[in-house]
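Participant: Protein sequences appear in the order of chains A and B.
The number in my numbering is simply the position in the first sequence, starting from 1, with 10 added.
The number in my numbering is simply the position in the second sequence, starting from 1, with 10 added.
Any given hint might turn out to be false.
Chain copies aren't distinguished; within one or between two, either way the pair holds.
Below, in silico cross-link-like pairs of lysine-lysine (DSS-like), each with a Cα-Cα straight-line distance of 25 angstroms or less [as the list claims (entries may be wrong)]:
(1) 427 x 132
(2) 12 x 74
(3) 28 x 191
(4) 203 x 74
(5) 28 x 12
(6) 74 x 191
(7) 28 x 74
(8) 92 x 132
(9) 324 x 218
(10) 203 x 191
(11) 218 x 12
Hints in this document: simulated from the structure, not taken from any laboratory.
In this text the structure is predicted, and so the values were computed from the model without any measurement.
There are 2 protein chains.
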Amino acid sequence: MKRVVVVGGGFGGLYAAKALRAPDIEVVLVDRRNFHLFQPLLYQVATGGLSPADIAHPLRSVLKRRRNVNVMLAEVVGLDAKGSRVLLADGELAYDSVVVACGAENHYFGHADWQEHAPGLKSVEEATEIRSRVLLAFEAAERASDATVRASCLTFVVVGGGPTGVELAGALGEIANHTLKNDFRSIRPSDAKILLVEGADRLLLAYKPALAERAARDLATLGVVVRTSTLVDAIDAAGVTLRAGDRSERVGARTVIWAAGVRANPLAERIAAATGVTLDRQGRVPVTADLSVTGFPNLFVIGDMAQCQGADGKPLPGVAPVAVQQGAHVARTIIARLRGETVGPFRYRDRGSMATIGRARAIADLGFIAYGGFPAWVTWLFIHLMYLVEFENRMLVLFQWAWNYFTWNRGARLITK
Amino acid sequence: MKRVVVVGGGFGGLYAAKALRAPDIEVVLVDRRNFHLFQPLLYQVATGGLSPADIAHPLRSVLKRRRNVNVMLAEVVGLDAKGSRVLLADGELAYDSVVVACGAENHYFGHADWQEHAPGLKSVEEATEIRSRVLLAFEAAERASDATVRASCLTFVVVGGGPTGVELAGALGEIANHTLKNDFRSIRPSDAKILLVEGADRLLLAYKPALAERAARDLATLGVVVRTSTLVDAIDAAGVTLRAGDRSERVGARTVIWAAGVRANPLAERIAAATGVTLDRQGRVPVTADLSVTGFPNLFVIGDMAQCQGADGKPLPGVAPVAVQQGAHVARTIIARLRGETVGPFRYRDRGSMATIGRARAIADLGFIAYGGFPAWVTWLFIHLMYLVEFENRMLVLFQWAWNYFTWNRGARLITK
Numbered sequence: 011m012k013r014v015v016v017v018g019g020g021f022g023g024l025y026a027a028k029a030l031r032a033p034d035i036e037v038v039l040v041d042r043r044n045f046h047l048f049q050p051l052l053y054q055v056a057t058g059g060l061s062p063a064d065i066a067h068p069l070r071s072v073l074k075r076r077r078n079v080n081v082m083l084a085e086v087v088g089l090d091a092k093g094s095r096v097l098l099a100d101g102e103l104a105y106d107s108v109v110v111a112c113g114a115e116n117h118y119f120g121h122a123d124w125q126e127h128a129p130g131l132k133s134v135e136e137a138t139e140i141r142s143r144v145l146l147a148f149e150a151a152e153r154a155s156d157a158t159v160r161a162s163c164l165t166f167v168v169v170g171g172g173p174t175g176v177e178l179a180g181a182l183g184e185i186a187n188h189t190l191k192n193d194f195r196s197i198r199p200s201d202a203k204i205l206l207v208e209g210a211d212r213l214l215l216a217y218k219p220a221l222a223e224r225a226a227r228d229l230a231t232l233g234v235v236v237r238t239s240t241l242v243d244a245i246d247a248a249g250v251t252l253r254a255g256d257r258s259e260r261v262g263a264r265t266v267i268w269a270a271g272v273r274a275n276p277l278a279e280r281i282a283a284a285t286g287v288t289l290d291r292q293g294r295v296p297v298t299a300d301l302s303v304t305g306f307p308n309l310f311v312i313g314d315m316a317q318c319q320g321a322d323g324k325p326l327p328g329v330a331p332v333a334v335q336q337g338a339h340v341a342r343t344i345i346a347r348l349r350g351e352t353v354g355p356f357r358y359r360d361r362g363s364m365a366t367i368g369r370a371r372a373i374a375d376l377g378f379i380a381y382g383g384f385p386a387w388v389t390w391l392f393i394h395l396m397y398l399v400e401f402e403n404r405m406l407v408l409f410q411w412a413w414n415y416f417t418w419n420r421g422a423r424l425i426t427k
Numbered sequence: 011m012k013r014v015v016v017v018g019g020g021f022g023g024l025y026a027a028k029a030l031r032a033p034d035i036e037v038v039l040v041d042r043r044n045f046h047l048f049q050p051l052l053y054q055v056a057t058g059g060l061s062p063a064d065i066a067h068p069l070r071s072v073l074k075r076r077r078n079v080n081v082m083l084a085e086v087v088g089l090d091a092k093g094s095r096v097l098l099a100d101g102e103l104a105y106d107s108v109v110v111a112c113g114a115e116n117h118y119f120g121h122a123d124w125q126e127h128a129p130g131l132k133s134v135e136e137a138t139e140i141r142s143r144v145l146l147a148f149e150a151a152e153r154a155s156d157a158t159v160r161a162s163c164l165t166f167v168v169v170g171g172g173p174t175g176v177e178l179a180g181a182l183g184e185i186a187n188h189t190l191k192n193d194f195r196s197i198r199p200s201d202a203k204i205l206l207v208e209g210a211d212r213l214l215l216a217y218k219p220a221l222a223e224r225a226a227r228d229l230a231t232l233g234v235v236v237r238t239s240t241l242v243d244a245i246d247a248a249g250v251t252l253r254a255g256d257r258s259e260r261v262g263a264r265t266v267i268w269a270a271g272v273r274a275n276p277l278a279e280r281i282a283a284a285t286g287v288t289l290d291r292q293g294r295v296p297v298t299a300d301l302s303v304t305g306f307p308n309l310f311v312i313g314d315m316a317q318c319q320g321a322d323g324k325p326l327p328g329v330a331p332v333a334v335q336q337g338a339h340v341a342r343t344i345i346a347r348l349r350g351e352t353v354g355p356f357r358y359r360d361r362g363s364m365a366t367i368g369r370a371r372a373i374a375d376l377g378f379i380a381y382g383g384f385p386a387w388v389t390w391l392f393i394h395l396m397y398l399v400e401f402e403n404r405m406l407v408l409f410q411w412a413w414n415y416f417t418w419n420r421g422a423r424l425i426t427k
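Excised from the complex, chain A in its bound form (with noise of 0.2 angstroms):
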């Protein structure tokens, strides 16, 4: 009996223990959470369309079926890659195989501080703070007497024009312009300005530029302001200090939201210390073609912890499509040297991206076509039904689509400590 021990429930530690599926193979899935996170949903949750159970799944459940699947709640604090041994921080787990799979965190870029004033979306907690954070500013503008507190308050500043931003700044703007219409009494919550902030000449930089500049347009329509060529200096809990080119802009804004930039898991740290890897700028450990860390091949990194190279030789982004492919294949990768058997080295197979905005708009990039509007959205909506993990969440999740489809409604709204 081999024991392989998965480090992190996400898309690439799940699938890695779904598809290690043999007889003589035991597995322990470790993760210091007990449920899967699907989050690519997160921003839903975070603007209240959706209780972050209906995007989060037991990783017990999930895995229940799988009797050679130990599901373990634990914290992994190191990795002695030598003596093959993940150290947890209450005790330690021997491995004949490690899939090291733990996500990224937020990255500040040097300024810790600005984590306070600008929560990033990350977990399921951040994304409860960021729904509390936006409903509390307009409860404060509705009370405000000052027309300048008023104004800060109804001021949402969204750092970072990648997919994460464009879908947090559409949803605000869907809020604003429908969802509270008639909640206040002295606001009108259409008044409020949303302001997407992305340093590059253009938004969804890993997109084609029509497609981008159809989400711009359609950002457009919901009130977004979108700035371009535009860096952050400062976040305070004032507001945002701007720069583009040599015009520095002062915003006051109560609501600031990190959408910016991630960096590997911190494990990637000791990762490298252990096996003498150097990290890429964005902290990821650098693997081979099968994916293992050069001089230990029983030790894999998957997902947004990896650095692998495309057939573009450019870095695989860190999607959700990416781990749930190097899972898989590291899997088969375990099980065919078991066999005396080998795989060819890991290929992404790139199916394609989308990113939606608001209510009933997307753009996707299938490779072969590229479209917006409504059907983007459908094929949106569809394929991310599609990947939950669950039918009960499907369910839950079509069902409040639907029902915010045709009312325009968040009924998950809840300010919460």
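Starting from the known structure of chain A, fit chain B onto it as the hints suggest.
Facilitator: The following block gives chain B in isolation, referenced to the frame of chain A:
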């Protein structure tokens, strides 16, 4: 224009605000939370059956079409009854009439230190805290190597045999025996010991003895051990000390839940100080036949905060239907007075009471008929769905109950901070 301030957006306050429909009345509904919480289903959140947003609804959303109602998110800290002002943490509100409906909080009968070890079930945060504790107990049991530690992890003590305690214990029995059945590898969740402790000589004192016996039998089939005539002497991090007659017993238990008592919101003390009335043992404000406070005809107290005599001379119970009917009655009284008319004294119309036990059993006492089992559960289900404020929530809850019913699953089993 007369201003009516309603303090609290629970059953009493919400139904009062809704019924205060008159062209010459302006209503200000003040709550420190932004949502109405359907407390009778909170135990479902604590046991992973429903998400908080399924049983909570934004107050602004519920009241958006009532243009004469202002919702204000604020903390009420006192009342100036003579000056007709509600005192807020950050201001004040003058009123012509005020309706105070802040509900109840957990009551530890002088043992404030028990709260940390035995959370109660009054807020969304407490419900998710209990949910985390229950799930973490099973996780800790799975990893425990010591048999005593494991047994303590798998022991759950619910203190209080009223409807909340019965419903919680039943749901825990369902989780241990069915929901988690195949989730673990080292433990059998059905080995869990669920203890329901009640000081009186039987469960559900407010119900007919035959129904309470029926509930006790249903609990037994779910593996719940009921201890009546048993008092709690101590609660600490390691467990509880019970006393039955002169026999004392120590029970090692990692998880203890408090459902043994509530008292009125502390604002009642401010009202007592401002008006000179004497609170009862549960800290409730005695009210006159029109639900106002003696000497202050424009100050009404309703719901769990009010001590109100029923037709039989006994105080009315702290349940939702009482609060709802009182809210509507106060609204009628206020409107009638403006027209120079009068309405009769408040009379509670008791349409019955019910409690559910586990998945598909309940007891129902509708006055003219009392019954248990599946038919009672269907009645319970139907009535609770009917009273959920919004159609969306009704559909979400109905779907999740149906899912739970057919699969035994409880999808909202998240451990969150």
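Participant: Hint compliance check: list the failing hint numbers for this structure, sorted ascending.
Facilitator: Hint check: 8 and 11 fail, others pass.
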